[in-house]
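Please arrange chain B with the ligands on chain A, whose structure you already have, making use of the hints.
Protein chains in written order, with our numbering: chain A, 14 to 397; chain B, 5 to 488.
Don't read these hints as lab results, they were simulated from the structure.
What the simulated footprint calls covered on chain A by chain B, stretch by stretch (three residues with Cβ under 8 Å from a Cβ of chain B suffice, anywhere in the stretch; the number is not a length): (1) 168-174; (2) 197-211; (3) 251-259; (4) 345-358; (5) 375-387.
Computed spacing ranges between beta-carbons, pair by pair: (6) B/Tyr366 <-> A/Ser243: 45 to 55 Å; (7) B/Ser443 <-> A/Asp31: 19 to 29 Å; (8) A/Asp364 <-> B/Arg113: 38 to 48 Å; (9) A/Ala33 <-> B/Ser443: 13 to 23 Å; (10) B/Asp423 <-> A/Asp31: 22 to 32 Å; (11) A/Gly118 <-> B/Gln301: 38 to 48 Å; (12) B/Ala412 <-> A/Ala33: 28 to 38 Å; (13) A/Gly121 <-> B/Lys329: 50 to 60 Å; (14) B/Arg409 <-> A/Asp364: 53 to 63 Å; (15) A/Ala370 <-> B/Ser246: 52 to 62 Å; (16) B/Gln23 <-> A/Gly46: 42 to 52 Å; (17) A/Arg375 <-> B/Arg312: 49 to 59 Å.
All of these numbers come straight from a predicted model, not from anything done at the bench. Cβ coordinates follow ideal geometry from the N, Cα and C atoms, glycine included.
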Amino acid sequence: MNPNSKINGPTEVFSPNDDAELSAFLADSYARGIPLRIAGGGTRLDLGALNAQQTLTSRALTGIVTYEPGALTLIARAGTPLEEVEQTLAEEGQALAFEPMDHRGLLGSSGVPTIGGVVAANVSGPRRLQAGACRDHLLGVRFVDGSGRKIKNGGRVMKNVTGLDLSKLMCGSFGTLGVLTEVALKTLPRAERQLTLVFSKVSLQEACTIFASALATPYEVSGAVYHQESAWLRVEGFAQQAAYRADRLKALFRENQIDVIADEESRALWRDFKNVEVFAQSSEPLWRILIKPSEAPALARSLQLLGGDVFIDWGGGLVWYCGSAQSAEVRSAASAGRAVLIRQGARPASDRFPEDAGAISRLSAALRKTFDPAGILNPKLMGD
Amino acid sequence: MSTIAMPKPDARILAEAPQIIAALRDALPAGTVISDPEETRAYECDALTAYRCPPIAVVLPRTTEEVATAMRICQRFSVPVVPRGAGTSLAGGALPTADSVVIATIRLREILEIDTTNRFIRVQTGVTNLSVSAELEAEGFFYAPDPSSQLACTIAGNIAMNSGGAHCLKYGVTTNNLMGVRCVLTDGEIVEVGGPFMDSGGLDILGLLCGSEGQLAIVTEATLRIVPKPEDARPMLIGFDSAETAGECVARIIRSGLIPVAIEYMDDVCLRAIEAFAKTDYPKCAAVLIVEVEGSQGEIAHQIERIREIADELSPVEFRSSRNKDESLAIWKGRKSAFGAMGRLGDYLCLDGTVPVSKLPYTLKRIGELSKHYGLEVANVFHAGDGNMHPLILFNANAPGELERAEAYGADILRLCVDVGGCLTGEHGVGIEKRDLMSKQYSAEDMAIQMDIKDVFDPDWLLNPAKVFPLDVSQPYRDRASRS
Ligand SMILES: Cc1cc2nc3c(=O)[nH]c(=O)nc-3n(C[C@H](O)[C@H](O)[C@H](O)COP(=O)(O)OP(=O)(O)OC[C@H]3O[C@@H](n4cnc5c(N)ncnc54)[C@H](O)[C@@H]3O)c2cc1C
Ligand SMILES: Cc1cc2nc3c(=O)[nH]c(=O)nc-3n(C[C@H](O)[C@H](O)[C@H](O)COP(=O)(O)OP(=O)(O)OC[C@H]3O[C@@H](n4cnc5c(N)ncnc54)[C@H](O)[C@@H]3O)c2cc1C
Numbered sequence: 014m015n016p017n018s019k020i021n022g023p024t025e026v027f028s029p030n031d032d033a034e035l036s037a038f039l040a041d042s043y044a045r046g047i048p049l050r051i052a053g054g055g056t057r058l059d060l061g062a063l064n065a066q067q068t069l070t071s072r073a074l075t076g077i078v079t080y081e082p083g084a085l086t087l088i089a090r091a092g093t094p095l096e097e098v099e100q101t102l103a104e105e106g107q108a109l110a111f112e113p114m115d116h117r118g119l120l121g122s123s124g125v126p127t128i129g130g131v132v133a134a135n136v137s138g139p140r141r142l143q144a145g146a147c148r149d150h151l152l153g154v155r156f157v158d159g160s161g162r163k164i165k166n167g168g169r170v171m172k173n174v175t176g177l178d179l180s181k182l183m184c185g186s187f188g189t190l191g192v193l194t195e196v197a198l199k200t201l202p203r204a205e206r207q208l209t210l211v212f213s214k215v216s217l218q219e220a221c222t223i224f225a226s227a228l229a230t231p232y233e234v235s236g237a238v239y240h241q242e243s244a245w246l247r248v249e250g251f252a253q254q255a256a257y258r259a260d261r262l263k264a265l266f267r268e269n270q271i272d273v274i275a276d277e278e279s280r281a282l283w284r285d286f287k288n289v290e291v292f293a294q295s296s297e298p299l300w301r302i303l304i305k306p307s308e309a310p311a312l313a314r315s316l317q318l319l320g321g322d323v324f325i326d327w328g329g330g331l332v333w334y335c336g337s338a339q340s341a342e343v344r345s346a347a348s349a350g351r352a353v354l355i356r357q358g359a360r361p362a363s364d365r366f367p368e369d370a371g372a373i374s375r376l377s378a379a380l381r382k383t384f385d386p387a388g389i390l391n392p393k394l395m396g397d
Numbered sequence: 005m006s007t008i009a010m011p012k013p014d015a016r017i018l019a020e021a022p023q024i025i026a027a028l029r030d031a032l033p034a035g036t037v038i039s040d041p042e043e044t045r046a047y048e049c050d051a052l053t054a055y056r057c058p059p060i061a062v063v064l065p066r067t068t069e070e071v072a073t074a075m076r077i078c079q080r081f082s083v084p085v086v087p088r089g090a091g092t093s094l095a096g097g098a099l100p101t102a103d104s105v106v107i108a109t110i111r112l113r114e115i116l117e118i119d120t121t122n123r124f125i126r127v128q129t130g131v132t133n134l135s136v137s138a139e140l141e142a143e144g145f146f147y148a149p150d151p152s153s154q155l156a157c158t159i160a161g162n163i164a165m166n167s168g169g170a171h172c173l174k175y176g177v178t179t180n181n182l183m184g185v186r187c188v189l190t191d192g193e194i195v196e197v198g199g200p201f202m203d204s205g206g207l208d209i210l211g212l213l214c215g216s217e218g219q220l221a222i223v224t225e226a227t228l229r230i231v232p233k234p235e236d237a238r239p240m241l242i243g244f245d246s247a248e249t250a251g252e253c254v255a256r257i258i259r260s261g262l263i264p265v266a267i268e269y270m271d272d273v274c275l276r277a278i279e280a281f282a283k284t285d286y287p288k289c290a291a292v293l294i295v296e297v298e299g300s301q302g303e304i305a306h307q308i309e310r311i312r313e314i315a316d317e318l319s320p321v322e323f324r325s326s327r328n329k330d331e332s333l334a335i336w337k338g339r340k341s342a343f344g345a346m347g348r349l350g351d352y353l354c355l356d357g358t359v360p361v362s363k364l365p366y367t368l369k370r371i372g373e374l375s376k377h378y379g380l381e382v383a384n385v386f387h388a389g390d391g392n393m394h395p396l397i398l399f400n401a402n403a404p405g406e407l408e409r410a411e412a413y414g415a416d417i418l419r420l421c422v423d424v425g426g427c428l429t430g431e432h433g434v435g436i437e438k439r440d441l442m443s444k445q446y447s448a449e450d451m452a453i454q455m456d457i458k459d460v461f462d463p464d465w466l467l468n469p470a471k472v473f474p475l476d477v478s479q480p481y482r483d484r485a486s487r488s
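So here's chain A without its partners, still in its complex pose:
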């Protein structure tokens, strides 16, 4: 093991330089039963309640391994900064279509978001409703599991049904199943033009009706958000295509007062939406609630009764709730959906993830045990 990979700090930090070092380290931690906090960008993850003596980071596992714009594929080591990935793609007119958010504003953190962290958290922004989530763009992974086994799954090609799909399982497992060392992602062309239709003075109920009609059109609406009596719809494409799509939608909603925002201004707006900037200034607990879009208005009403504010993304399918209500109250209001606590605020620690129903909870626990037999990877982050 490379002695320089150990950095001394408040807790011991270990940054392996390759698969082999990582595997040796995890095999050793497994044998000795040492709980680990798994970090991408490192300093920023507020997993305060996590019972871990050591931190394992991917910060030395950096670099883009392959990027083939003509094949729409990028392979990067897990610790590669997201920004480096996005910049490399932008130089070729491409992007990660799932639009991963940057949590730094919301969490008041200052680390460097990594591509491995994005995959581990299945981070997906407003375009998720049209282009799919991070997991839909993940082609393959390499990781080391909780006993030190080096595993690869999937690959770098767009279509692959060889064996069980562990890439999906790793995506959104928050470091509880293994430590990612490399991820392969599908890239897509960045749209030439982007236009946003702004609806003012609409209720959430009205907005959800607008969203449902807009999303039933062939105009490939790639964003539908709502906040405090305004609703925004985004269309993209080649210049004429985007203009045509915006015109058709304006005609469809001719009863409404609609303003149009274009290109750079529009992109800046969606960057803020993606990062949920509206709640960046607050330090209250922040919840991310996944729900059937048509149930968003009722959910929003009951959350507002608890105090606080909501921001609606994914045409109603994602409700952000920022407010001081008790966890139990939020989970009960959101019982039809799935509520994940993103920011604890000053509240005492509570479970971040909702409890799963019977069989799913049993299967999830058994899967975690299979990947992490000693329970050393982000212990109890997602349940027992």
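Chain B with the ligands only, in chain A's frame:
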């Protein structure tokens, strides 16, 4: 004789067959269980017809609860279960063994809910792929994954194989369009996974189930994402005098920022077969691409123009874009009849290895060289936009040794796909066909963790136990399961 081995049937189970059949009959409505060899014959193989074996019995439930009942009885007798949809698998995924019971979900045919506001459809999984889109037609929506077998294959099989089709380049494969399932575990427990929301927040068990080839659970209901129909779609046909240039054209189209709905490739062997049997007016050349774009009339015209510019730089022997419905049908006709036309030439083995798009020209060249080496002709027709190849190896099943030779050639092609950075199968699945090649793509540890997962869902190794993993690799797992 064929070359893929299956484990020796368990004598204990064969001896208990009458009791197993009686227990199933007792617990299920009349007509649900068939065991007469005349009747079970229809279930002795799937579309990999070189391999056949009648099961002990076939169960044809009509409800999830009946599936659960059948599963519980099979678990009680420790009988292997082969889940089955329409039996169109090309990989032997639905092939029974002599000591197995087939549970076919083909009679679970109800459309349960259509919700255009939240953009999903909920169905029982015995419905065919095409009928799902037909159901949505009037609402202006469709279900995107479109395997060529869509008239016959069921949503159950699509989920188990994570099937794709020509339109996947834009819309993704089954896993990208699946929101939830209801399924039966091996102990008969009925479980809901996912649902009509856009992520579940916990571990992605749905993603794990999709493409698991009937190894983990029997899927009886599905919630599927539905997509608004495009205003219109139009294909163009581009002919080239070399395979290499056609491959280059594919890469340049994608590089340019266009994502057509489909890019299909056909080589000269395929073109000759089509010419002989389908009476199209395709150009006589080394390779033809069919590229389809969609949108409004203006959007379509614009995209066709961009593609024409890209193609022109590569001096195509022909560029033809459709101007109306009839011309569109004419362009697609040959491609759609390609498999049928190839069938008229004789028996064929259809592979579906996938390679990085940039490796297409090299892979095609090597497949050609191997064709000479094995003395067997090969035709290439495939989804070029995503590198999903479909080499069809032509052989004569009646000539002694030719099937073996074709299988050996096929195995070489699949090894080649892995060597250039691709994979063994892009859409048909591993089944028995590619089972023994898994070690080429995956290390012992890569496979061990997959089998550990099977242990979690199916500790007794009852579901499709002799598939996906090489027999010697899965032996310790199967032995341990049968002892416990
Ligand atoms: C439900 C939820 C809760 C979140 N909570 C916080 C929070 O409290 N504080 C915060 O700063 N950000 C949080 N985020 C934001 C998220 O961590 C970042 O957007 C993104 O992951 C940035 O990457 P990173 O490299 O900084 O990852 P990190 O913030 O370091 O890690 C994110 C998650 O991924 C895991 N992880 C990271 N790298 C790897 C790897 N190589 N292999 C395996 N697992 C890995 C971590 O264990 C952690 O669970 C949360 C996101 C979600 C969706
Ligand atoms: C001419 C032809 C063209 C084809 N074209 C394509 C194509 O373009 N794209 C493509 O992807 N495939 C294609 N296929 C392959 C095949 O049609 C697909 O794999 C299809 O999804 C299988 O569906 P099925 O209902 O026939 O399933 P079956 O063949 O009955 O079963 C397939 C697998 O699913 C499992 N299974 C079945 N039902 C269940 C269930 N209820 N629960 C759990 N597991 C289950 C079986 O055990 C088996 O492993 C083609 C096949 C043919 C014959």
